[in-house]
Amino acid sequence: MIRTLLSGDYPRSRFAAAILIAIVLALLLVPFVFPGARSLSVAAKVLVFVLLVASYDLLLGYTGIVSFAHTMFFGIGAYGVAIASTRMGPGWDAIAVGLVLALALSALIAFAIGLFSLRVKAIFFAMITLAVAAAFQTLASQLSEFTGGEDGLSFKVPEVLQPSFELFEDTVLGASIDGRFLTYYLLFFSVLALFLVLLRIVNSPFGRVLQAIRENDFRAEAIGYRTVVFRTVSTVLGALFATLAGALLAIWLRYNGPDTSLSFEIMLDILLIVVIGGMGTMYGAVIGSAIFVLAQSYLQDLMRFVSGALEPVPIAAALFSPDRWLLWLGLLFVLSVYYFPTGIVGRLRARAIARTTR
Amino acid sequence: MKSRASLPYALVVLLALAALPLVGSLPTWATLTVAGLAMGMIVFIIASGLTLVFGLMDVLNFGHGVFIAFGAFVAMSVLAPLGAWTESASLAANLGAIGLAMLAAMAVAAAIGVVFERLIVRPVYGNHLKQILITMGGMIIGEELIKVIWGPQQIPLPLPAALRGAYLVGDAAIEKYRLLAVVVGLAVFVALLFVLERTKIGLLIRAGVQDREMVESLGYRIRRLFVGVFVAGSALAGLGGVMWGLYQQSVVPQMGAQVNILIFIVIIIGGLGSTTGCFVGALLVGLMANYTGFLAPKVALFSNILLMMAILLWRPQGLFPVARR
Numbered sequence: 222m223i224r225t226l227l228s229g230d231y232p233r234s235r236f237a238a239a240i241l242i243a244i245v246l247a248l249l250l251v252p253f254v255f256p257g258a259r260s261l262s263v264a265a266k267v268l269v270f271v272l273l274v275a276s277y278d279l280l281l282g283y284t285g286i287v288s289f290a291h292t293m294f295f296g297i298g299a300y301g302v303a304i305a306s307t308r309m310g311p312g313w314d315a316i317a318v319g320l321v322l323a324l325a326l327s328a329l330i331a332f333a334i335g336l337f338s339l340r341v342k343a344i345f346f347a348m349i350t351l352a353v354a355a356a357f358q359t360l361a362s363q364l365s366e367f368t369g370g371e372d373g374l375s376f377k378v379p380e381v382l383q384p385s386f387e388l389f390e391d392t393v394l395g396a397s398i399d400g401r402f403l404t405y406y407l408l409f410f411s412v413l414a415l416f417l418v419l420l421r422i423v424n425s426p427f428g429r430v431l432q433a434i435r436e437n438d439f440r441a442e443a444i445g446y447r448t449v450v451f452r453t454v455s456t457v458l459g460a461l462f463a464t465l466a467g468a469l470l471a472i473w474l475r476y477n478g479p480d481t482s483l484s485f486e487i488m489l490d491i492l493l494i495v496v497i498g499g500m501g502t503m504y505g506a507v508i509g510s511a512i513f514v515l516a517q518s519y520l521q522d523l524m525r526f527v528s529g530a531l532e533p534v535p536i537a538a539a540l541f542s543p544d545r546w547l548l549w550l551g552l553l554f555v556l557s558v559y560y561f562p563t564g565i566v567g568r569l570r571a572r573a574i575a576r577t578t579r
Numbered sequence: 405m406k407s408r409a410s411l412p413y414a415l416v417v418l419l420a421l422a423a424l425p426l427v428g429s430l431p432t433w434a435t436l437t438v439a440g441l442a443m444g445m446i447v448f449i450i451a452s453g454l455t456l457v458f459g460l461m462d463v464l465n466f467g468h469g470v471f472i473a474f475g476a477f478v479a480m481s482v483l484a485p486l487g488a489w490t491e492s493a494s495l496a497a498n499l500g501a502i503g504l505a506m507l508a509a510m511a512v513a514a515a516i517g518v519v520f521e522r523l524i525v526r527p528v529y530g531n532h533l534k535q536i537l538i539t540m541g542g543m544i545i546g547e548e549l550i551k552v553i554w555g556p557q558q559i560p561l562p563l564p565a566a567l568r569g570a571y572l573v574g575d576a577a578i579e580k581y582r583l584l585a586v587v588v589g590l591a592v593f594v595a596l597l598f599v600l601e602r603t604k605i606g607l608l609i610r611a612g613v614q615d616r617e618m619v620e621s622l623g624y625r626i627r628r629l630f631v632g633v634f635v636a637g638s639a640l641a642g643l644g645g646v647m648w649g650l651y652q653q654s655v656v657p658q659m660g661a662q663v664n665i666l667i668f669i670v671i672i673i674g675g676l677g678s679t680t681g682c683f684v685g686a687l688l689v690g691l692m693a694n695y696t697g698f699l700a701p702k703v704a705l706f707s708n709i710l711l712m713m714a715i716l717l718w719r720p721q722g723l724f725p726v727a728r729r
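Which chain is which? The protein sequence lines are E and X, in order.
Just so you know, we're using the working numbering here: the first sequence kicks off at 222 and counts up by one.
Just so you know, we're using the working numbering here: the second sequence kicks off at 405 and counts up by one.
FYI, nobody ran anything at the bench for these hints, they're computed from the structure.
Where is the CB? At the ideal position from N, CA and C, for every residue including glycine.
Please note that a few of the clues may not be correct.
[As the list claims (entries may be wrong)] Sample of chain E residues facing chain X (criterion: CB under 10 Å; computed from the structure):
| id | residue |
| --- | --- |
| 1 | L249 |
| 2 | T359 |
| 3 | F386 |
[Unchecked claim] Here chain E is said to cover these stretches of chain X; the calculated rule only asks that three of the stretch's residues, wherever they fall, bring their Cβ under 8 Å from a Cβ of chain E:
| id | region |
| --- | --- |
| 4 | 531-537 |
| 5 | 637-646 |
| 6 | 704-710 |
[Unchecked claim] Taking CB as the label site, the calculated pair distances span:
| id | chain 1 | residue 1 | chain 2 | residue 2 | range |
| --- | --- | --- | --- | --- | --- |
| 7 | X | K580 | E | L515 | 47 to 57 Å |
| 8 | X | Y529 | E | F332 | 39 to 49 Å |
| 9 | X | V519 | E | S365 | 35 to 45 Å |
| 10 | E | S365 | X | A422 | 24 to 34 Å |
| 11 | X | Y529 | E | A571 | 23 to 33 Å |
| 12 | E | R224 | X | Q658 | 29 to 39 Å |
Given the sequences, and given the hints that come with them, work out the whole structure.
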């Protein structure tokens, strides 16, 4: 059964498997073990990022296309749920309508961009997505009566998911079964299921063709696969999964605005997580997201401490100021592209292979 | 063949003429056209280095915006203590101050270009995927370093006294600084064309764009040539950064990333690697931005994207396609 669930694509490294099991167990048990608002939102953020980064890995790691518009699709999903819930009032129907419309819009835009730019030259795609994403961000803040502009939209979710909702009066195993609890598990099982679907996609014959295109598009075309079609389908799929991730984020936060889902910094976070976790491995998305989101919270604390200690040295204190954490992430990013191109999972797999062949 | 090749030039004139009836009044149109040309010239100065580097070495530098931002910030630091020169009414003193700022900005941008080429770009020649990722990383680091040195806030960069305000030609107001931008832009364009078309180095660069291996096999060190082009491109971006900063009258660390999108659109429109295409593309973008900004401000935010899509539908390789290996 596990074989079917994982589509025959195991972590292929005992150490990586152990980390993965630990992460999944931790995420599963967070509401019982660490029942606090902060730990729960950190865990929810990890979940959303797992799906978002895995969908990006389909593009970057498996198809070899660099897109800078992934947050646009993420944002479309989040705005879809937010706008529908504001207009139609809280309810499952609002979420469903918003989600379907968002998915349709994402598929349409991804299809258009793909046809437009993948036809010409793959490198066009990176530049054009950058431009389109910037335009979309402007659009979202301009249409303020619709999107709430820079302020964003706060909205209500269906009653079952509201924090005030209590399923039982008593706590179960130390956790109160309230709306947040249910929302968290909605996120957990959605992400788990969607991740397994993604794993299924990349291990299907279709996924193999994508990898062939990544390795050598000319040869793939020569064998008889229309690379434009495969690249475009991959772009659309990646966009759809990103839209779903956005919708989950909106449901969790009960809010959406340009900074939470559309900002370019999230795009950089995605890039960083994919590279650090391991491009073209899917599991890298899980490990990368968990490490990254944890580091994001604690790295800034550490930097605040170091910066405080370096107060007398003017430039050094500025270098380590917690606001400059992106500087260090950028350095980490460049260094990992150089020395660590296969990421954590790739490195662990290589080690496992080296051990068995010795 | 000749008429086909000159078609894109006619596009600039056509766009300007098509806008005339829409704008309605001749003086307003003249003001907008000069403003558009000036903006186009500045964008051209910034983008020329990027398109040269791509054409010659097939390297797409997502970090090009860093040189722009550094150029503008250095100029700001140079102009700040020269208050006596910039506030004096004499045009010569003003231009002297700007000239100094430009020289400093170009020197700093060139120096950063050397480091950038050595550390960021050189290890990833021939691998587009890694190039995009790593130059993007370089861009983040550069932007954060600017914040470390100058702080994260927006800093005003006022125009020197004699360049403020506008000349009145008939009823048309022509801003003085925009005239300067047109002059500088034309000078850079002519100089670039001269170097590329009339000198030995230009011949080698053009040959390298066409067929790198052939030039290498003739005994020229194309790598050294490339470093030269990269550094020159960075210096041009620094110069463009000064012009852009004065045009916006303020500098902000994120300006590199903002301008990046604009110059990508320009070099896609022009045809990746083509200098003339870059020039025409920049003028089109500048004119389009100013006309739509006047006619339909909401549309103006997306005018560049719409322009790019229209051009790509017509010529998928850009206005001046460069023969590729």
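Verification of the hints:
1. The restraint placing E/L249 at the interface with chain X is violated, with a minimum CB-CB distance near 33 Å, outside the 10 Å limit.
2. This hint holds: E/T359 has a C-beta 5 Å from the nearest C-beta of chain X, less than the 10 Å allowed.
3. Restraint check, E/F386 versus chain X: the minimum CB separation of about 42 Å is more than 10 Å; hint violated.
4. Evaluation of the coverage hint for the region 531-537 of chain X: fulfilled, as 5 residues show C-beta separations to chain E shorter than 8 Å, against a requirement of three.
5. Figure legend: the region 637-646 of chain X, annotated as covered by chain E; annotation inconsistent (0 residues with Cβ-Cβ distances under 8 Å, at least 3 required).
6. Only residues whose C-beta sits within less than 8 Å of a C-beta in chain E count toward coverage, and the region 704-710 of chain X has 4 of them, enough to reach three; the restraint holds.
7. Distance hint for X/K580 and E/L515: a CB-CB separation of about 55 Å, consistent with the stated range 47 to 57 Å.
8. About 33 Å separates the C-beta atoms of X/Y529 and E/F332, a value inconsistent with the hinted range of 39 to 49 Å.
9. Look at X/V519 against E/S365: about 43 Å separates their beta carbons, and that is inside 35 to 45 Å.
10. At about 32 Å, the beta-carbon gap between E/S365 and X/A422 stays in the expected band of 24 to 34 Å.
11. Between X/Y529 and E/A571, the C-beta spacing of about 25 Å keeps the proposed range 23 to 33 Å intact.
12. Checking the proposed 29 to 39 Å range against E/R224 and X/Q658 shows it is violated: the Cβ atoms sit about 49 Å from each other.
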